[in-house]
Amino acid sequence: MNQDEILDTLTSYWTDRAQSYSAQNIAEMNDWRRQAWRELILSHAPQKECLRVLDIGTGPGFFAINLALAGHEVTAVDVTGEMLAHAKQNAESYGAKAEFVLHRGEFLPFEDNSFDLIVSRNVVWNLEYPEQALSEWARVLAPGGRMVYFDANWYLYLYDDELCAQKKAAEQAFRAKYPVHNYAGNLPKSRILELEQTAYSLPLSKEKRPEWDRAVLERLGMQIIKVIDDIGPGVQDPLDWERDHPIHTFMICAEKPET
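Residue 1 is where the sequence shown starts when you use the working numbering, and the numbers rise one by one after that.
Think of the hints as simulated: they come from the structure by calculation, not from any bench. Certain hints may be false.
Said to hold, decoys possible - Derived DEER-like restraints, expressed as beta-carbon distance ranges: (1) 47 / 92: 46 to 52 Å; (2) 12 / 221: 35 to 41 Å; (3) 240 / 8: 17 to 23 Å; (4) 175 / 258: 34 to 40 Å; (5) 161 / 47: 41 to 47 Å; (6) 237 / 95: 37 to 43 Å; (7) 211 / 35: 29 to 35 Å.
Stated by the list, open to error - Okay, derived cross-link-like pairs now, EDC-like style, lysine to aspartate or glutamate, Cα gap no bigger than 16 Å in a straight line: (8) 208 / 99; (9) 206 / 160; (10) 208 / 240; (11) 177 / 229; (12) 226 / 196; (13) 206 / 128; (14) 177 / 131; (15) 48 / 240; (16) 167 / 244; (17) 167 / 255; (18) 168 / 128; (19) 177 / 244; (20) 226 / 207; (21) 206 / 161; (22) 208 / 242; (23) 48 / 73; (24) 167 / 211; (25) 167 / 99; (26) 88 / 106; (27) 206 / 99; (28) 189 / 171; (29) 208 / 255; (30) 206 / 218; (31) 208 / 160; (32) 189 / 16; (33) 208 / 171; (34) 168 / 230; (35) 97 / 136; (36) 168 / 244; (37) 206 / 171.
Ideal Cβ placement from N, Cα and C applies to all residues, glycine included.
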């Protein structure tokens, strides 16, 4: 697939997922996960009363709304207009003030040193230019600022036969246990397979992470503060954590040096 086809397919997929993904985010906002995610992020953030926060790939706005309600100044970007429409609607319903911007995460429309904290969840794997993205994130981060982001080796199984076998076995066990669970929001299987085919063409699908992230961030001059290989069910619904096994969500916390 060429670059335009990849972007079009990803944008189309997330446009179709916007409503169901928004419902998942609202469920998180309405239970214990709102506070759990907030505490995890802010415990690794610079200690300032009001942080200038950039949420990249905000989707329906879970991180943006959560941190805005905690008293921080939040800007959020996403490449999918339908996702941003849900984010704005969700922010309004929770009384959260945030600025929402339609833009790609690899090429940011902000000045250097604009933010104290950058957050992101399940975004970097989607990107056609992930190293460019992390370079941009570092550029707009103020000295002493931090990026705290979460992701996983979502499609490494396409390149790793052992992981593929583990994933298939885990999926069979999960579906036998929970036959009505549907993560993809009732999208037809053809759309799921289309996303998988697109993911095969993405640069990070074949990389082992967070090792890749650590190496790139260090090369960009960022200081690695903490890496958690599996954040576990402490901030995730245990059912979601069980569903995704053996693919675990990791966390990266990196700081831009003062000098």
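Query raised in the report: So which hints don't hold here, by number, going up?
Result: Numbers 1, 3, 4, 6, 8, 10, 11, 12, 14, 15, 17, 18, 20, 22, 24, 25, 26, 27, 29, 30, 33, 34, 35, 37, in rising order.
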